[in-house]
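**Q** Here is how the chains run, residue by residue.
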Amino acid sequence: MNLRNRQLIPSFSRPPSRVLIRKVARYEEDLLGILYESLREFALPVQDKTVFLKANLVGHDPRGFINTHPAVIAAAREAFRKLGAARVLIGDGPALDRDTQAILESVRLTEFTGKLGADFCDLNIDDVERVLLETRASLLKELYLPKTVLGADYFVSMPKLKTHHWAGVTLSMKNLFGIVPGSCYGWPKNILHWAGIDRSILDINAAARPDFVIADGILGMEGNGPIQGNPKQAGVLLFGDDPVATDSTACRVMGLRPEKIDYLNRAGTMLGHLEVPKIQQLGEPIASVSTPFAVVSEFRALRETGTK
Amino acid sequence: MNRPVSPHLSNRAAGSPLAGVLGILADAQNSDGGWAFAKGGHSRVEPTCWALLGLAHTGFAQPGMSGGLDFLRSQQLPDGSWPTTNGMSAGGWVTSLGALTLAQFPANEKSVHAALQWLSDDYPRDSSRWQKLLKSLSARKQHAAHNDEFRGWGWTPRTSSWVEPTAFALLAFAAVSAKPAEASAGFSASGPAALPVAPELARQMSDRRPLAIGLLYDRMCSGGGWNCGNPRVYGVDGDSLILPSCWALLALGDTPDHPNRAASLAWLEKSFAAIAGPGSLAVAQITLESYNLPVPLARRPLADFSLADLAGQGTHVAAWAALALNPSRVWPARFSQSSATTRQSQT
Chain U
1 MNLRNRQLIP
11 SFSRPPSRVL
21 IRKVARYEED
31 LLGILYESLR
41 EFALPVQDKT
51 VFLKANLVGH
61 DPRGFINTHP
71 AVIAAAREAF
81 RKLGAARVLI
91 GDGPALDRDT
101 QAILESVRLT
111 EFTGKLGADF
121 CDLNIDDVER
131 VLLETRASLL
141 KELYLPKTVL
151 GADYFVSMPK
161 LKTHHWAGVT
171 LSMKNLFGIV
181 PGSCYGWPKN
191 ILHWAGIDRS
201 ILDINAAARP
211 DFVIADGILG
221 MEGNGPIQGN
231 PKQAGVLLFG
241 DDPVATDSTA
251 CRVMGLRPEK
261 IDYLNRAGTM
271 LGHLEVPKIQ
281 QLGEPIASVS
291 TPFAVVSEFR
301 ALRETGTK
Chain L
1 MNRPVSPHLS
11 NRAAGSPLAG
21 VLGILADAQN
31 SDGGWAFAKG
41 GHSRVEPTCW
51 ALLGLAHTGF
61 AQPGMSGGLD
71 FLRSQQLPDG
81 SWPTTNGMSA
91 GGWVTSLGAL
101 TLAQFPANEK
111 SVHAALQWLS
121 DDYPRDSSRW
131 QKLLKSLSAR
141 KQHAAHNDEF
151 RGWGWTPRTS
161 SWVEPTAFAL
171 LAFAAVSAKP
181 AEASAGFSAS
191 GPAALPVAPE
201 LARQMSDRRP
211 LAIGLLYDRM
221 CSGGGWNCGN
231 PRVYGVDGDS
241 LILPSCWALL
251 ALGDTPDHPN
261 RAASLAWLEK
271 SFAAIAGPGS
281 LAVAQITLES
291 YNLPVPLARR
301 PLADFSLADL
311 AGQGTHVAAW
321 AALALNPSRV
331 WPARFSQSSA
341 TTRQSQT
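Chains as they are written, first to last, in this note's numbering: chain U, 1 to 308; chain L, 1 to 347.
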């Protein structure tokens with residue numbers, strides 16, 4: 001994965017990023033077909049590789065709009081297998097509840113994936129490795145991160161499209177809070193809040209930058225996210241080879257201005273592309289799928305002109 | 001749960017419902033004496049503590065127990081704290097767990113006292129005067145309604161108070177005054193009857209307890225039980241979770257009766273039948289038994305989980321299952337009958 005490649009590259013010398021938007025109205029559609037064809041467009045180097053899918057599994061979700069939907073996770077797993085991956089691991093380190101098994105039962109993940117066994121990694125209790133945070137965007141100098149993530153050949157962030165009451169939005173970059181292990185930092189990982197949420201997001205993404213993003217926006221969350229918001233039907237899946245570009249595009253789909261989100265704005269200088277001209281837009285045009293997400297009052301400034 | 005008992009265990013455990021779980025723990029011990037969260041991983045403080053507590057008073061062989069205790073003592077930092085993983089230079093919430101674990105075994109007074117001193121000196125930053133001033137000036141001050149006069153403990157030093165680390169610190173404080181039951185056959189350590197604490201440390205602990213107990217009650221969710229410590233955010237009630245609720249209830253077991261504790265016990269009893277994971281199930285059972293309350297029927301009894309299920313969820317889950325299945329456990333303590341009486345009068 002890119003931890004060893006050091007993808008801190010200024011925007012002006014970074015090649016254009018690619019983001020693909022697919023309209024998908026329901027989780028009952030042929031997700032495997034959609035994901036397989038979408039991933040093929042990127043010609044991903046996953047043949048014989050170990051792929052790690054970092055889902056967003058936050059907590060109990062009886063109404064199905066808090067976590068990355070298990071149908072999307074299962075389809076991604078199968079799609080990467082069809083693309084030749086030697087092994088596809090799934091994992092997360094839930095931030096608020098250490099009973100990951102209870103969350104998995106609530107999410108009904110194995111109903112979609114089949115028995116996972118050792119192919120699921122509870123990142124909260126994985127063996128860890130010390131990683132120096134060379135970006136020093138936050139006050140943190142180092143983090144202990146899961147070996148399973150650091151050792152994967154190909155790292156995929158799979159967020160849900162959600163607004164967030166502290167960070168504005170939680171997408172593929174904020175999703176990486178879940179790789180910070182609770183067994184080291186607690187439930188919640190409060191040290192990241194004290195170090196600054198926005199800046200911690202930058203440090204973590206610089207240390208373990210996802211190679212690819214698959215964002216579940218079929219049913220997202222608006223308002224008081226990431227847990228207590230309201231369901232928001234956006235009817236899209238987003239795919240991207242650059243977390244910054246994919247999150248920026250997701251913001252635009254959500255009717256929000258990415259440059260107004262502190263961590264995304266900063267990430268655009270070194271971790272990926274924020275600006276539309278630097279992003280090769282594939283699939284559906286943003287305008288055809290854009291639907292405004294409500295935000296808590298502190299984040300009114302994120303809204304694009306003309307949205308409520 | 002039938003499984004040949006580990007050679008590290010005495011015959012006493014063989015054939016009992018406990019044997020398979022103890023076998024998981026015994027077989028997962030590393031050569032350095034400690035335990036990892038998963039067999040074959042690196043030894044760490046938290047799983048080692050849980051394994052020692054789970055194996056205590058079960059007939060686990062003395063060399064294995066001594067190796068675990070040696071590993072635990074070797075990980076203690078010079079300031080008395082324990083780090084959550086090897087290499088970290090600062091201690092964290094596992095200091096409470098380390099202290100309460102060592103307090104169950106003899107000849108650990110020095111380590112336990114150093115840990116308690118560290119805990120007594122460790123104040124979360126969110127309730128400092130400076131932070132209170134900043135919060136009073138912040139537009140966000142009303143979004144998570146906490147009473148900042150209370151102070152507990154954080155997961156990491158100089159952060160915020162949370163329910164579980166506060167509960168574990170209270171349990172560590174209680175461990176030095178708790179009186180473990182007499183040792184069962186096969187394990188010689190009966191634990192200290194009580195660890196005398198220097199007057200100044202005792203005073204500091206005494207000062208911290210009411211603040212921490214007050215914090216737990218302040219952070220209780222509407223209707224009983226606890227989550228991590230945010231019962232209400234942006235005007236929306238949070239849901240209670242099993243594990244934080246159980247640790248809080250265990251920490252409050254030796255405190256005077258309180259209607260919120262009774263409400264939380266009632267919430268736990270009501271929630272018990274829906275518990276899905278074996279870890280939460282085991283800890284919930286232990287909690288109710290500690291309050292001398294009947295354990296309701298589970299959706300899936302603990303004994304129905306396969307050993308692979310338990311082992312796959314980590315050493316801590318196997319250890320919690322061992323504690324739940326062990327009628328001779330000495331930790332957590334059983335509380336007086338009055339707690340149950342209060343709960344029944346409330347419901």
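Heads up, some of the hints might be wrong.
Between beta-carbon pairs, the in silico distance windows are [said to hold, decoys possible]:
| id | chain 1 | residue 1 | chain 2 | residue 2 | range |
| --- | --- | --- | --- | --- | --- |
| 1 | L | Pro301 | U | Ser297 | 43 to 49 Å |
| 2 | U | Asp48 | L | Ser306 | 21 to 27 Å |
| 3 | L | His258 | U | Gly64 | 50 to 56 Å |
| 4 | L | Asp32 | U | Ala25 | 52 to 58 Å |
| 5 | L | Leu297 | U | Lys23 | 21 to 27 Å |
| 6 | L | Val233 | U | Gly84 | 41 to 47 Å |
| 7 | L | His258 | U | Lys23 | 51 to 57 Å |
| 8 | L | Glu109 | U | Asn230 | 53 to 59 Å |
Below, a list of computed lysine-lysine pairs in the DSBU-like style, where the Cα atoms sit at most 30 Å apart [claimed, not checked]:
| id | chain 1 | residue 1 | chain 2 | residue 2 |
| --- | --- | --- | --- | --- |
| 9 | U | Lys23 | U | Lys278 |
| 10 | U | Lys141 | L | Lys132 |
| 11 | U | Lys260 | L | Lys110 |
| 12 | U | Lys115 | L | Lys39 |
| 13 | U | Lys23 | U | Lys82 |
| 14 | U | Lys49 | U | Lys147 |
Calculated directly from the structure, the hints in this document are not laboratory data.
Think of the CB as a built atom: it goes at the ideal place given N, C-alpha and C, for glycine as much as any other residue.
**Q** Look at each hint and say if it fits the structure.
**A** How the hints compare with the structure:
1. L:Pro301 x U:Ser297: 43 to 49 Å: 48 Å, holds
2. U:Asp48 x L:Ser306: 21 to 27 Å: 33 Å, violated
3. L:His258 x U:Gly64: 50 to 56 Å: Violated, since His258 of chain L and Gly64 of chain U (Cβ atoms, about 37 Å apart) do not stay within the stated range.
4. L:Asp32 x U:Ala25: 52 to 58 Å: 55 Å, holds
5. L:Leu297 x U:Lys23: 21 to 27 Å: 47 Å, violated
6. L:Val233 x U:Gly84: 41 to 47 Å: 44 Å Cβ-Cβ, so the 41 to 47 Å window holds.
7. L:His258 x U:Lys23: 51 to 57 Å: 55 Å, holds
8. L:Glu109 x U:Asn230: 53 to 59 Å: For Asn230 of chain U against Glu109 of chain L, whose Cβ atoms are near 55 Å apart, the range 53 to 59 Å holds.
9. U:Lys23 x U:Lys278: Measuring from Cα to Cα gives roughly 22 Å; hence the hint holds.
10. U:Lys141 x L:Lys132: At roughly 26 Å apart (the allowed maximum being 30 Å), Lys132 of chain L and Lys141 of chain U satisfy the hint.
11. U:Lys260 x L:Lys110: 54 Å, violated
12. U:Lys115 x L:Lys39: OK: Lys115 of chain U and Lys39 of chain L at ~20 Å, within 30 Å.
13. U:Lys23 x U:Lys82: 22 Å, holds
14. U:Lys49 x U:Lys147: With a Cα-Cα distance of about 16 Å, the restraint between Lys49 of chain U and Lys147 of chain U holds, given a limit of 30 Å.
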